[in-house]
Amino acid sequence: MGGQHELQVWAEDRLHADRAAKAAITDVLRIEAKYSRYREDSVTAAINRAAGGAAVAIDDETAALLRFGARCHALSGGRFDLTSGVLRGAWDFRRQPSRIPTDDEIATACAKVGWERVEWSDRSVRLSRAGMELDFGGIGKEYAADRVAAICMDHGIRHGFVNLGGDVRVIGTQVDGTPWRIGIRHPRRMRAVIGEVELCDAAVATSGDYERYFEADGRRYCHLLDALTGRPVDHWQSASVVAPLATLAGSWATIAMLLGEAAVPFLRAQHADYLLVAADGTVSCGGAAFESATNQ
Amino acid sequence: MTDRERKDRERSATLIAAALALPGILPANASAQAAPDEGVVALRYYDYRDWQPGASRMTVRSPTLYALVPLSDTTTIEGSLTHDAMSGASPLYHNTLSGASGLGVTDYRTAGDVKVTRYFDGNALALGAAYSDERDYTSRAASVEWRHFSDDRNRTYAMGFGAAYDRIDSSNGLATNKRRETYDLLLGITQVLSAEALIESTLTWSQGRGYYSDPYKLLDQRPDRRHIVAWLTRYNQYVPRFDATLRLGYRYLHDSFGDESHMLEAAWIQSLPRGFNVTPSVRYYTQSAAGFYHDPPFPQGFVGGSPYTADTRLSAFGAVTLGLRVAKTFAGGTTADVALNFYRQRSAWRIGGGGSPGLEEFSARWIEFGIEKRF
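Those sequence lines, one after another, are chains F and R.
Residue 285 in my numbering sits at position 285 of the first sequence; the count goes up by one each step and never skips.
Basically my numbering = 1-based index in the second sequence + 296.
Same shape as in the complex, but just chain F:
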């Protein structure tokens, strides 16, 4: 998992805090090792190696993540897709100098994308075409954040937060009873804050076009790729969403980015609080959590 991570817990004494933190961090590392696409021994690597071949047996946890990915796919009208990672083959954000792929290259990559080409059940998963890839990156981090919160609560922690690469899940309130105050990063001005949200026992996740991108011909091409078109999204600079779970906040934020203009009615339908920054920098908010944010 890339990005900066932070865990703060408040306990009666250091021993309890240390125990909770240690158990939580161990679990984050476990999820990282299990689902990283960079690790040869990960579940993800095993599934991807078998693409076009035999089905791979999976455990309950992997099946639950696949089911969650399937729901995100349906809810986004096919734009959110756990198999869209192969598009990074065409859109290489690390290449210097950067290059916009040709239509042919995009079409070739798109042929290996498609949730409907994934054969999966509670017991096994099979990618039906060689070259297909599954990537849990879009949900793994948020899932880990929710598990960290649960593990800490099981250790008796009543106050704390976890921030996994910008996806924040808070436990309870601050110790003095006031809500946790989470700043929302400005998508263009690094280290600046565009809004703020107060949270108790909830999560906020932000999806933005600023994590990995290149600019060409005056346009920004970001790493968030629409599985239907095979191209980067460009309607929003960032989408921040509040939800009871980081898993929900993260998937709603990503889907909002992918849906473009339709993000606002989508988020309203989820009854989610949100802060959207449009391509021109205009901020729009919905829900009580962000009401004060536009005053910035």
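Since the hints were made in silico from the structure, they are not lab data.
For glycine and all other residues, C-beta sits at the position ideal for the given N, C-alpha and C.
A few of these clues could be false.
Claimed, not checked - Just the calculated beta-carbon pair ranges, DEER-fashion:
| hint | chain 1 | residue 1 | chain 2 | residue 2 | range |
| --- | --- | --- | --- | --- | --- |
| 1 | R | Ala425 | F | Ala46 | 55 to 63 Å |
| 2 | R | Phe416 | F | Thr282 | 18 to 26 Å |
| 3 | R | Pro519 | F | Glu12 | 41 to 49 Å |
| 4 | F | His271 | R | His444 | 28 to 36 Å |
| 5 | F | Arg189 | R | Leu421 | 49 to 57 Å |
Said to hold, decoys possible - Computed list of lysine to any residue pairs in SDA-like fashion (alpha-carbon distance at most 20 Å, straight line):
| hint | chain 1 | residue 1 | chain 2 | residue 2 |
| --- | --- | --- | --- | --- |
| 6 | R | Lys303 | F | Val264 |
| 7 | F | Lys34 | F | Ala57 |
| 8 | R | Lys624 | F | Val264 |
What the hints assert, rightly or not - Rough simulated footprint, nothing fancy, chain F against chain R, three-plus residues with beta-carbon under 8 Å:
| hint | region |
| --- | --- |
| 9 | 348-362 |
| 10 | 486-493 |
Use these hints to put chain R onto chain F, whose structure you have.
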């Protein structure tokens, strides 16, 4: 609602359901939030000695074994066992009576207690029993305590009730089958003020009746009813700049025997590298004399049939305790500590009215060793 909207709503509901179906995403023991999930075994050794100028008086040595075991997610059981060996004179005679009885006798006391606590929906209910036995004194006690935790766990209310039944059979035959019963009521509140501060306040009423006299003290005759009110407040403040905690405490006590006392204490718990912490502490105590206490010379003030005591514990005095505790926490949850306390009591140290005249200063020291393992 249009078909489209209905379909969207169904889809979002299935997403939430799928998120909730992710394993380990909700805390497993949400209903039993406050139950400790770890056990504790601790062994302590206590060595006490007191003296007055020119005379070593009393020594007590006692090992204590304590254990707490979670029985389930919601229930814990804890208990302790103590064995005291006491030798020397009964403490705190007038100088004039020093050595009048009990000198050179070694006595043993065995005491044990057990408590079962059940946690449910932000509450904890504890039932306890205790037993103590020595040659001339037996005590049986039972208690029930209820605690309620606020939703954010920042406030705890406590209410407790205890009853103790004691039996006194003095070795000198002056008290045989004497009984005493005591009932206690406790009300307490603990409030977290911030991430760094916490305050706790407890009010205790104690109502007792029965035999309160000391059969080993000549002419000692005390009222057979006793009512005590005690109010204890503690404040803990973490000081980030020093990675240390300041602990302050004050206790006021009023006793129907006529004495009143104030206790002030302060401790500084300093964290040090490698799991060490050092706690210097100081405590000041001052009390007035009981209404039926009479100053030396003995038996000045004695009138047959009226309450009378010359027990210096009921005289007016002030006392200071200095303590130093060093503890080390090892990896794996083991803590070892050693504590040294020094106590000195003088009539002249009393605040608010002079102390009882004619008494020599009294000193004590106690050393404690402890080792505790959490698992």
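Inset, instruction - Sort out which numbered hints this structure fails and list those numbers smallest first. - result: Failing hints, ascending: 2, 8 and 9.
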